[in-house]
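These protein sequence lines map, in sequence, to chains A and B.
Take the first sequence: its position 524, counted from the start at 1, is 524 in the working numbering, and no numbers get skipped.
Take the second sequence: its position 42, counted from the start at 1, is 1042 in the working numbering, and no numbers get skipped.
It is worth saying that the hints were derived from the structure and are not from the lab.
Watch out, some of these pointers could steer you wrong.
Only pairs whose alpha carbons sit at most 30 angstroms apart, straight line, appear in this in silico DSS-like list of lysine-lysine [stated by the list, open to error]: (1) A:K17 x A:K118; (2) A:K517 x A:K462; (3) B:K1081 x A:K433; (4) A:K433 x B:K1016.
Every value quoted in this text rests on a predicted model; they were computed, and no experiment measured them.
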Amino acid sequence: MTAANKGGEVMDAPLRKLEALLGNPWDVANPCGFQAVLDADERGEMLAEGERVLDRFGLGGAFVPVSLGGRLHDLTHLIDVGRALFRRDPCLGLGHGASSLIAAVNVWASGSKAQQVKVADLLLSNRKIACAYHELDHGNDLMRADFEAVQRIGEWVLNGGKQVIANVERADALVLFARTDPTAGSRSHSLLLVDKAALPAERVSHSPRFASMGMRGVPLGGIRLHDCAVSPDCVLGSAGSGLETALKAFQVTRVALPGMFMGILDTGLRLTLRHASQRVLYGRGVLDLPLTQALLVNAFADLLLCDCLVTVAARSLHLTPGAGIVYSAAVKYLIPKLLIDAMTSLSSVLGAQFYMRRGTHGVFQKLLRDLRPASFGHASRASCQMTILPQLPPLARRAWTRPDALPVPAALFDVDVALAPFAFDAITLGAGKHDPLISALIATSSALSAQRTHSELAALTKGFVDSVGPLQQNCAGLPPSEVGVMASVQSHSHVGRYVTLLAASACLNLWWHEHAKPAQHGDAFLRDSRWLELVLQRLQCRLNNATPATSTKHCTHMLAELRHRHEHGQSFDLRRRDLSG
Amino acid sequence: MTNQIADTQDTEAALKDWLRHRIAGYVGRTPEDIRTDVSLSNYGLDSVYALTLVGDIEDHLGLTLEATLMWDHSTIDALGKTLAGSLPGDGCH
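Isolated chain A (complex conformation):
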């Protein structure tokens, strides 16, 4: 074990512990197995034993920075823990974990030391906090929030309601997003960290749980405050910094949440493989049918694609925070859609079985329903599109083909290099003058062509590089009317193209660095170029609005890998984690 492997090794022990605590998911007697998970979903309840197990594991500590006594150090490790939960039960993942994370990042980004210590203590003692941004009337249009906080002498008076908030009733503290100035502008909102116990009970009302199609166990509630006075030291950061803090906190959660939701596709693939390997139709094993194989292989390819972009984006928040506002929106824009499309296509392999709520594969339909919020929850696809679009003209003019591009840190793509503890105060809203992923795409494609060892791959990557010029020309001159809320469909289409290029770069460069490692240090499957060829072909089709076709060569290779991992109980993402059962 060399120092270079430390990044990966550090994560293994906590994940093994978590897997061991959750136990074999296929064991019907396991109170944290899929049967129990499904039963809880049928009742519309959280999996009680799951919550107890997670408390024993000390899940809250995963969301607290190391400097405050927790284990949050490396965003990719944070994602790994969440993903393990989402592989088992997304309701546990969201309702017992991620919802506190979503609230806490605001405090890590802008809170005072006292506020941070308070939240750390809560999470480390297995208590919950809830993130109260959302109002049904305004969706992601934060600046039109109605909930208000009015400053009086020695206090702030809170009025208004928040809806569809996970754990709002059972949380000990709330992070509330409030309007604090009636004038229109970007300094008219503030975040407040409020102790629920400090609110006068007669001035607080809770609404009944919002019945949802999925995440049925998660207590999604509403709260209304009527003239509640709170102390001025509830304000997070300074008054008026609400939007700034939100946009910073979102950079972490827009990467972390999709990374965690990926666990759903991992289990979906596993369930589908199990089903297909046992089922016989028309005298043949379903898994022997080319159509089935292609669907499975494509879903696997998309899972790897997602992991590449999530991993690189998470590392870039550490290493190149200047690109954070764009890359995080890119992850939340692309990954949920890929996951939902892949999961939907897998359901066609299960056929009628996918529609059943009971039985061996009954949990599949729950996972499919639980997956949907990935695309609209917390930050919608549209709002991410609107974050990226106005950044395209400056990126096009200043970053994509600049001759003096900053060297991209190699650690961005080398997952075995340990990262320094994540610095919440390094998160920036600045429009970058550099675009590391586009720079690295161009540089690596060039180096690959020069090597002359992978001609198919070199041709694929050149195709992406050749798209940069036209994209630049299209984006550099976009007028303000074409990058705001009233932008045309055509202008919006540039976002999709750009994000596809980011994804291509992430995949290519992760492979490039893995491939360069000595054989004993790398992962043989990842060092081989075939997974990358398939992924890049699929991305190329996205770019050209074409229908992807999976060649026999790729299908056979990827299917063998899928079966190997399935037989050995390994996750299907980049890190190949050992799973229970």
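Once you have looked at the hints, place chain B on chain A.
For chain B alone, kept in the frame of chain A given last:
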């Protein structure tokens, strides 16, 4: 010393003029239509777009600025004044 103050005032005026023209172009109006004493959000410049505009100002002036500059100085008057103060002077210091 008098020249230095005059220079700063010239710079501030020139900056404000540049900003008026720039913003007029962004929002599709004539520069004369753009008041320098009202919040630019009144002209439809949203908060996210304001972040990217700061980048344009950085390019124009060759400076590195706080990303939220236009959030904190939301009128052309305020923006011009703070930018003039950020420019390297050609005086004693």
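| request: Take the C-alpha atoms of K17 (chain A) and K118 (chain A), compute the straight-line distance between them, and say whether it is at most 30 angstroms. | output: The given pair, whose Cα atoms are some 27 angstroms apart, holds under the 30 angstroms limit.
| Would the pair K517 (chain A) and K462 (chain A) pass a check requiring their Cα atoms to be no farther apart than 30 angstroms? | Distance ~23 angstroms between K517 (chain A) and K462 (chain A) Cα, so the pair holds.
| field | 30 angstroms Cα cutoff - pair K433 (chain A), K1016 (chain B) | value | Satisfied, since the Cα-Cα distance of roughly 24 angstroms is no more than 30 angstroms.
| query | Holds or violated: are the alpha carbons of K1081 (chain B) and K433 (chain A) at most 30 angstroms from each other? | reply | 25 angstroms, holds
Of the numbered hints stated above, none is contradicted by the structure.
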